[in-house]
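Line by line, the protein sequences give chains A and B. According to the numbering used here, the first sequence holds residues 20 to 639 in order. According to the numbering used here, the second sequence holds residues 89 to 241 in order.
In case anyone wonders, no lab produced these hints; they're calculated from the structure. A virtual CB, placed ideally from N, CA and C, is assigned to each residue, including glycine. One should not assume that every hint holds.
[Stated by the list, open to error] The following residues of chain A were derived to be distant from chain B, with all beta-carbon distances above 12 Å:
# : residue
1 : G103
2 : E157
3 : N220
4 : S266
5 : R461
[Claimed, not checked] DSSO-like, lysine-lysine: derived pairs with alpha carbons at most 30 Å apart:
# : chain 1 : residue 1 : chain 2 : residue 2
6 : A       : K455      : B       : K106
7 : B       : K116      : A       : K448
8 : B       : K117      : A       : K448
9 : A       : K455      : B       : K116
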Amino acid sequence: MSDSTTLHAGAPPGSSHGELERFFAMSLDMMCIAGADGCFKRVNPAFDALGYSTDELLSRPFLDFVHPDDVPATLAEVEKLAKGAPTIHFENRYRCKDGSYRWLSWTSAPDPSGKLYAIARDVTDIHGEQEARKAADERLRLVVEALPNGLITVNAARTIVLVNRKAEELFGYSRDELVGEPIEKLLPERFRTQHHDHVRNFLAKPQTRGMSAGRDLFGRRKDGTEFPVEIGLNPIATPEGQSTVASIVDISERKRGEEARTRLAAIVTDSDDAIIGRTIDGIVTSWNRSAERIFGYLAEEMVGHRITVLFPPSRRDEEAQNTERLMKGERIEHFETVRKRKDGQEIDVAVTISSVRDSSGKLIGVSKTARDISELKRSQRELVGAKETAEAANRELESFSYSVAHDLRAPLRSIDGFSQALLEDCADKLDEDGRKYLRFVRESAQLMAQLIDDMLTLSRVTRSELAREKVDLSALARTTHARLERSEPGRGVEVAIEGGLEGDGDPRLLAVVFDNLLGNAWKFTSKRTGARVEVGTTTQNGLPAYFVRDNGAGFDMTYATKLFGVFQRLHAAHEFEGTGVGLATVQRIVHRHGGRVWAEGKVGDGATFYFTLGEKEREE
Amino acid sequence: MNTAHNDRVILLVEDNPKDEELTLRALKKSNILNPVVVARDGVDALDYLFARGAHAGRPPSALPQVILLDLKLPKLDGLDVLRTLRLDERTKLLPVVILTSSVEEQDLVRGYSLGANSYVRKPVDFVQFSEAVRQLGLYWLVMNEVAPPGGRP
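Kindly generate the complete structure, drawing on both the sequences and the hints.
Take a look at the structure:
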């Protein structure tokens, strides 16, 4: 009130000046006149809003009321005015008496007198709204920046107008490199053309939706690499026209997880083992294809039902015991048990059980794999049975051989012995034929005895364990040769035995081999002069092949394969005696060593017998 | 030639009468004139040696010069006879020659393990058989010096 009095005092009513004074007093805008000294000279009542008395306002330079931060700008504006530039809507803050600030918007025209005529409007409220809007904008910006999804806004011309930080990170571009660019920059080339159509379709019927629609989408990074994405589209209407906000998620991890899950699921489905999930209470939760095959129940017959239908009565307690052990944290690995199929048949299975726990470690279920080992078990049982049968047969053969050795020879001894007794005691009562027949009886008995011995050797070869060691074959051959020399001294056979022959085999059986081969060579050279027998080694398919060669009667190669059969003889008994068992024995010994035996010969031109001793030598 | 020892008995343990006949013939052909006592089974052989059963009246200190022992015998087989002999103080040093049909390795090993002094296979060829018996007689009845009866060291 006092202010307005002051104003009225300087303006005579009734005059045009006085009318102006009315406006001065009425104005809701602040009006003031300041002097060259920087102090207000006059202020209108609107200045009351600041809370000062007029005297207070006029007593100090107006800059004192200006917010310290706004002083430099205010000074600059005053400077401008002084130079003749008008002030329009210059804003600064004035301090109120209560210490608060009001935003004032100033309009002023320069005056040559050096005085300032200015009008200020209180724009504090407008300012507040702007500040609030700016703050809201800033918050929104921060939210957009902080979004875990990439966010890209594209205008109707497919030009990128906004990019958030996550989008920068996803694609490897800074936003400066993206804003203003076509969105296709972020697509793999193969998708770019069709993308135009997709955008057109979307804009023709814009609605919020996912983008993929059954297709796999990929983004293209600045470095050219691609990554799978999921994109949500939101149409927004802006003053500039229809825009689209695309929200982009990198789904590489999810894809990898899905693939891993798919792979695992395939493994479970295709496994040869039954893989079964169940709750702790024994309710089946999963049942794979092999479970269907092994147990005969379909998944829909089992899932949700009790697993105990698989347990034969004798194994009823097993499941509870297993669960108890799993609860205690024990693992149950590979135990063999019996389960019952849907058709009632019991099968042998090998089962492994593991616990399924939630993230806090609590037991929530059980996973078990079961393998059908019925076949295996059957084979095992058959194998054991076959082995027992073979062993029994072997024992029987052994006692049979033992009896043969003893009991078959005794009568032969009588036949021979008493024939000889007859020849000795009753020679005078027998004529030449009679004596000849008795000699035949004796020869037959002795041949029979030899046959028995050879058969026993052959059977021993089959029965005895093979004890392989490094054997000096040259020494074996020399031993046999010495024995032959003793039995028939003065034969004058030239024998050449290669030194240092070594083989890997059973020394006793190999001695039998040389007895037979050298014995044969000795025998079949008996009808010629200049007999020669050679023992040596050659190479056959990279393996050493030992041979015994003679220049005796030889044989017809037509019959080469018959040589090694039992009782097979290529010579008549009157030419060369023999039982026809020797080479069969040799072959059996060589075969037992994993080797091969064969012969080459020509009638009248000698024979060569070769043998190898199996694969073991290759390592030497 | 063997007059010095022809009073000592040869104990032939043999169940086959024909083999017995042949053995006796071979001994005779070899001029071995010692008395031969024949036991037909293992029990009979032990009874003779220990002067019991059918042989109860025999002076037990008179032991044979050598025993020709077959392996396959009724009642008690040759190896059992041998085992029993070797466990008894009176007979543990008595010369025992196993004279049998077979040379099954298991018999050879067990025979020698139980303390046989020799192991001879009876050849089917009687000429060879006679030669074997001749050499046996020569060795065990003439050449060999027997340990004192009772086996005192």
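Cross-check of the supplied hints:
1. Once the 12 Å rule is applied to beta carbons, A/G103 is consistent with being away from chain B; the minimum gap is 141 Å.
2. At the 12 Å boundary, the C-beta of A/E157 stays outside the reach of chain B, the nearest C-beta of that chain being 107 Å off.
3. With 12 Å as the threshold on Cβ separation, the claim that A/N220 sits away from chain B holds: the shortest Cβ distance comes to roughly 98 Å.
4. With a least CB separation of 93 Å from chain B, A/S266 remains clear of the 12 Å interface cut-off, as annotated.
5. At roughly 8 Å, the least C-beta separation between A/R461 and chain B is not larger than 12 Å, which violates its mark as non-interface.
6. Restraint check: the Cα-Cα separation between A/K455 and B/K106 comes to about 23 Å, which is no more than 30 Å; the hinted pair holds.
7. For the hint pairing B/K116 with A/K448, the CA-to-CA distance comes to about 22 Å; that is within 30 Å, so the pair holds.
8. This hinted pair checks out: B/K117 and A/K448 have alpha carbons roughly 21 Å apart, not beyond 30 Å.
9. Among the hinted pairs, A/K455 with B/K116 is consistent with the structure: their alpha-carbon atoms are about 26 Å apart, no more than 30 Å.
When held up to the earlier numbered hints, the structure conflicts with hint 5 and nothing else.
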